[in-house]
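Residue numbers for the sequence shown follow the numbering used here, beginning at 1 and rising by one.
It is possible that part of the hints are untrue.
Derived pair list, reagent style SDA-like, types lysine to any residue, alpha-carbon separation capped at 20 angstroms [claimed, not checked]:
#	residue 1	residue 2
1	Lys-190	Asp-68
2	Lys-227	Asp-68
3	Lys-138	Leu-123
4	Lys-54	Glu-37
5	Lys-227	Val-94
6	Lys-54	Glu-66
7	Lys-227	Leu-117
8	Lys-193	Val-94
9	Lys-54	His-245
Computed spacing ranges between beta-carbons, pair by pair [what the hints assert, rightly or not]:
#	residue 1	residue 2	range
10	Val-21	Ala-113	41 to 49 angstroms
11	Ser-171	Phe-11	31 to 39 angstroms
12	Ser-171	Glu-66	29 to 37 angstroms
13	Ala-29	Ile-110	41 to 49 angstroms
14	Leu-216	Gly-184	42 to 50 angstroms
15	Glu-52	Ile-116	43 to 51 angstroms
16	Ala-113	Ser-171	19 to 27 angstroms
17	Asn-143	Val-259	56 to 64 angstroms
18	Ala-113	Gly-18	34 to 42 angstroms
19	Ser-171	Leu-58	45 to 53 angstroms
20	Gly-241	Val-188	55 to 63 angstroms
21	Gly-18	Gln-115	56 to 64 angstroms
What the hints contain is simulated information worked out from the structure, not anything from laboratory work.
Even for Gly, the Cβ is constructed at its ideal location relative to N, Cα and C.
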Amino acid sequence: MSMTKKILTDFLLFPAVGIAVLMGLWLTASVITHDAESGISTLPGPLQTWEESKLYVLEPLAYRNETDQGIILMTWGSLLRVLAGFGIAVALGVPLGMALGSSKVFNKMIDPAIQILRPVSPLAWYPIGFAIFLSYKKDWEINVGELAAIFTVAVCAMWPTVLNTAKGVRSIPQDYHNVAKVLGLGRVQKTFKILLPAAFPDMFTGFRLSLGMAWLVIVAAEMLTAKNGIGGFLNQEFNAGKTEHILLCVITIGLVGFVLDRLMSVLEANTDKLLNLPFALASRLRSRPTVAAVKPLAAKGRGAAHAAS
Numbered sequence: 001m002s003m004t005k006k007i008l009t010d011f012l013l014f015p016a017v018g019i020a021v022l023m024g025l026w027l028t029a030s031v032i033t034h035d036a037e038s039g040i041s042t043l044p045g046p047l048q049t050w051e052e053s054k055l056y057v058l059e060p061l062a063y064r065n066e067t068d069q070g071i072i073l074m075t076w077g078s079l080l081r082v083l084a085g086f087g088i089a090v091a092l093g094v095p096l097g098m099a100l101g102s103s104k105v106f107n108k109m110i111d112p113a114i115q116i117l118r119p120v121s122p123l124a125w126y127p128i129g130f131a132i133f134l135s136y137k138k139d140w141e142i143n144v145g146e147l148a149a150i151f152t153v154a155v156c157a158m159w160p161t162v163l164n165t166a167k168g169v170r171s172i173p174q175d176y177h178n179v180a181k182v183l184g185l186g187r188v189q190k191t192f193k194i195l196l197p198a199a200f201p202d203m204f205t206g207f208r209l210s211l212g213m214a215w216l217v218i219v220a221a222e223m224l225t226a227k228n229g230i231g232g233f234l235n236q237e238f239n240a241g242k243t244e245h246i247l248l249c250v251i252t253i254g255l256v257g258f259v260l261d262r263l264m265s266v267l268e269a270n271t272d273k274l275l276n277l278p279f280a281l282a283s284r285l286r287s288r289p290t291v292a293a294v295k296p297l298a299a300k301g302r303g304a305a306h307a308a309s
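Sequences are here, hints too, so could you generate the full structure?
Here you go:
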């Protein structure tokens, strides 16, 4: 099979078949829920959904009021909250994961707490965040609902980064630690020149999962705030009984989640080229040929360790 044919098959034909199957299932569900007496389906089909929702798509940047905006404007508000929460999740998750992966004692102390907190629903975290920020509202002019939503995203999205970072650090071969000893690297140098680059592929997997989790959580958080954003609009239309608009939200949420995951996938595949930072050492450290190249240094490190003992 030629390269062009393979690309067309993998990126056009197969996805088109999958979308066609989904559309067929949607149409089937619409037919099944059709009421013969009223002539109305409780689950609208694709054409009915488009007719009732096209204003939001054809005027994507329109602003009519806080909860009535074009689809791009609503989605952009949600994405800003996702990026804020995701940034906090990564900033907290990487150091915590590094500590868990580096210290068995610390891991034994903290891991049970993580396993208890990790399954907690965002619907439970949001009221906690709201209560925390409400206590500061008297002193500062803050949007409590907005901050509570970002807090919820950060807490729920943090765990994949924590666990994958810890996994990456624990999987670093002892030879790399021996090399750090031979080179006389301090703790900070070892972290940035050895541990982070070697663990970065696992860490980036955590980032990718965290971003997906953040997008999933923001919808639930915004449904509780009942403000602007795709989740707030979804909650508003649910209360109004507008199933067509709910389906528009579902499609938008799915498409944005897909795009975010594809972007992270491309970054994951090209991290070394894009960053051109010490993290570029990651693939070289983890590859077989390079491991062979550092074996003499690793052997010296083992010898030095035995001599010290």
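So, going through the hints one by one against the coordinates:
Among the hinted pairs, Lys-190 with Asp-68 is inconsistent with the structure: their alpha-carbon atoms are about 52 angstroms apart, more than 20 angstroms. In summary, the hint linking Lys-227 to Asp-68 is supported, as the alpha carbons are separated by about 10 angstroms, within the 20 angstroms threshold. A distance of roughly 25 angstroms separates the Cα atoms of Lys-138 and Leu-123; the hinted pair therefore is violated under the 20 angstroms criterion. A threshold of 20 angstroms between alpha carbons decides the hint, and for Lys-54 with Glu-37 the separation of about 27 angstroms lies outside it, so the pair is violated.
Only pairs whose Cα atoms come within 20 angstroms are accepted, and Lys-227 paired with Val-94 is rejected, the gap being roughly 31 angstroms. In summary, the hint linking Lys-54 to Glu-66 is supported, as the alpha carbons are separated by about 19 angstroms, within the 20 angstroms threshold. Of the supplied pair hints, the one linking Lys-227 and Leu-117 is violated, its CA atoms being roughly 27 angstroms apart against a limit of 20 angstroms. About 16 angstroms separates the Cα atoms of Lys-193 and Val-94, which keeps this hinted pair within 20 angstroms; it holds.
Distance hint between Lys-54 and His-245 is fulfilled; the C-alpha atoms sit about 10 angstroms from each other, no more than 20 angstroms. The given range of 41 to 49 angstroms is respected by Val-21 and Ala-113, whose C-beta atoms sit roughly 43 angstroms from each other. Evaluation of the 31 to 39 angstroms hint for Ser-171 and Phe-11 yields a pass: the beta carbon distance comes to about 33 angstroms. In this structure the hint that Ser-171 and Glu-66 lie 29 to 37 angstroms apart at CB is violated, the actual value being about 48 angstroms.
At about 45 angstroms, the CB distance of Ala-29 to Ile-110 agrees with the hint of 41 to 49 angstroms. Judged by the Cβ atoms, the range 42 to 50 angstroms given for Leu-216 and Gly-184 holds: they are separated by roughly 45 angstroms. For the pair Glu-52 and Ile-116, the beta carbons lie near 44 angstroms from each other, so the given range of 43 to 51 angstroms is met. In this structure, Ala-113 and Ser-171 meet the distance hint of 19 to 27 angstroms, their C-beta atoms being roughly 23 angstroms apart.
Range check, Asn-143 to Val-259: about 27 angstroms between beta-carbon atoms, so the 56 to 64 angstroms window is missed. Between Ala-113 and Gly-18 the beta carbon distance is about 40 angstroms. The supplied range of 34 to 42 angstroms therefore holds. With their beta carbons about 50 angstroms apart, Ser-171 and Leu-58 fall inside the hinted range of 45 to 53 angstroms. Taken as a hint, the range 55 to 63 angstroms holds for the pair Gly-241 and Val-188, whose Cβ atoms sit roughly 58 angstroms apart.
At roughly 35 angstroms, the beta carbons of Gly-18 and Gln-115 sit outside the given window of 56 to 64 angstroms.
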